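Engineer: Sequence:
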Amino acid sequence: KHASGEWVTFIDNDDMFEPDAFNSVLDTINKYPNAKVICGQLREYNIEKNNYTDFGCCDTWLHGKWYKLNFLKEKNIDFKENLESHEDVYFNSLVIGHLIGINEDFIYLEKNVYKWVYNKQSLSRIVNENDKNYIDCHFNDYINANMEPLLICLSQYPNTYDFHLNQAIMTLLHAYFYYQSFLYAKNNSNNFCYIQNLCNQIQQIFNITKYDIIDYVYQRPLIYDKVKQGCITGTYPFIEMQSFADFIISL
Numbered sequence: 001k002h003a004s005g006e007w008v009t010f011i012d013n014d015d016m017f018e019p020d021a022f023n024s025v026l027d028t029i030n031k032y033p034n035a036k037v038i039c040g041q042l043r044e045y046n047i048e049k050n051n052y053t054d055f056g057c058c059d060t061w062l063h064g065k066w067y068k069l070n071f072l073k074e075k076n077i078d079f080k081e082n083l084e085s086h087e088d089v090y091f092n093s094l095v096i097g098h099l100i101g102i103n104e105d106f107i108y109l110e111k112n113v114y115k116w117v118y119n120k121q122s123l124s125r126i127v128n129e130n131d132k133n134y135i136d137c138h139f140n141d142y143i144n145a146n147m148e149p150l151l152i153c154l155s156q157y158p159n160t161y162d163f164h165l166n167q168a169i170m171t172l173l174h175a176y177f178y179y180q181s182f183l184y185a186k187n188n189s190n191n192f193c194y195i196q197n198l199c200n201q202i203q204q205i206f207n208i209t210k211y212d213i214i215d216y217v218y219q220r221p222l223i224y225d226k227v228k229q230g231c232i233t234g235t236y237p238f239i240e241m242q243s244f245a246d247f248i249i250s251l
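My numbering applies: residue 1 is where the sequence shown begins, and numbers increase by one.
Think of the hints as simulated: they come from the structure by calculation, not from any bench. It cannot be assumed that every hint is accurate.
Computed spacing ranges between beta-carbons, pair by pair [said to hold, decoys possible]:
| # | residue 1 | residue 2 | range |
| --- | --- | --- | --- |
| 1 | Ser155 | Asp105 | 15 to 25 angstroms |
| 2 | Asp27 | Asp105 | 13 to 23 angstroms |
| 3 | Ala245 | Gln204 | 17 to 27 angstroms |
| 4 | Phe10 | Ser155 | 36 to 46 angstroms |
| 5 | Ile208 | His2 | 39 to 49 angstroms |
Just so we're clear, the structure is a prediction, and the values are computed from it rather than from any experiment. Even for Gly, the Cβ is constructed at its ideal location relative to N, Cα and C.
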């Protein structure tokens with residue numbers, strides 16, 4: 001709201017930009033003068049172990065992105081104040097939805113521009129007194145951060161139905177895997193009702209059935225496996241206690 005430049009970016013107070021990041025971004029801006037968002041690669045730096053883990057370009061993270069300010073203001077893209085978590089998912093879901101609506105995309109910079117410093121005391125890494133995962137504690141925020149921007153953008157760009165249908169079902173698939181991991185690791189989770197509401201919402205918005213959702217997911221086995229592996233990275237290793245089809249039918 002208070003920015004006055006042409007481009008804005010974000011950095012956590014304990015992270016760093018790579019030494020040549022701004023020169024690389026400036027070159028990209030000059031090469032693509034109509035760009036709305038530039039997405040660079042990031043890597044995690046573990047100070048204690050003195051090693052790096054490459055993360056590549058993460059579409060829903062704020063890290064490593066530069067945004068054209070007039071694009072954000074024109075599309076009224078901002079953070080949602082009452083979210084306790086997943087603000088970056090909400091923000092970038094709006095960004096992506098509007099880009100898809102105007103037939104544009106990120107400009108991807110195939111270079112590390114952001115150094116995400118591993119901090120075991122960061123909010124997302126602290127385990128609370130009940131030993132619950134961060135996502136488990138903020139499960140409804142995770143769902144809302146994905147679905148609310150979807151509803152906003154779908155209403156403005158009805159021709160993006162297929163894209164947003166995919167986004168909605170992928171949110172449900174992630175939620176399913178997260179829930180399975182919580183059950184496997186802790187033998188309980190209080191988030192069943194949120195997934196149930198999400199499934200009902202998807203059926204109503206897109207006028208589809210539970211069996212349509214199941215068919216959609218099972219027709220994409222490589223994506224199924226990729227999402228599962230990503231959820232294991234974000235939570236705990238797990239074995240599915242119930243198949244996706246049986247779980248969706250039970251909702």
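Engineer: Check the following: the C-beta atoms of Ser155 and Asp105 are separated by a distance inside 15 to 25 angstroms.
Structural biologist: Given about 21 angstroms between the Cβ atoms, the range holds.
Engineer: Quick check on a hinted range of 17 to 27 angstroms for Ala245 and Gln204, using CB atoms only.
Structural biologist: 20 angstroms, holds
Engineer: Is it true that Asp27 and Asp105 lie within 13 to 23 angstroms of each other by Cβ?
Structural biologist: Given about 19 angstroms between the Cβ atoms, the range holds.
Engineer: Does 39 to 49 angstroms hold as the CB distance between Ile208 and His2, or does it fail?
Structural biologist: Roughly 43 angstroms apart at Cβ, these two residues keep to the hinted range, so it holds.
Engineer: Can you tell me whether the CB distance of Phe10 to Ser155 sits inside 36 to 46 angstroms?
Structural biologist: Hint violated: Cβ distance 27 angstroms, outside 36 to 46 angstroms.
Violated hint: 4 only; the structure is consistent with all others.
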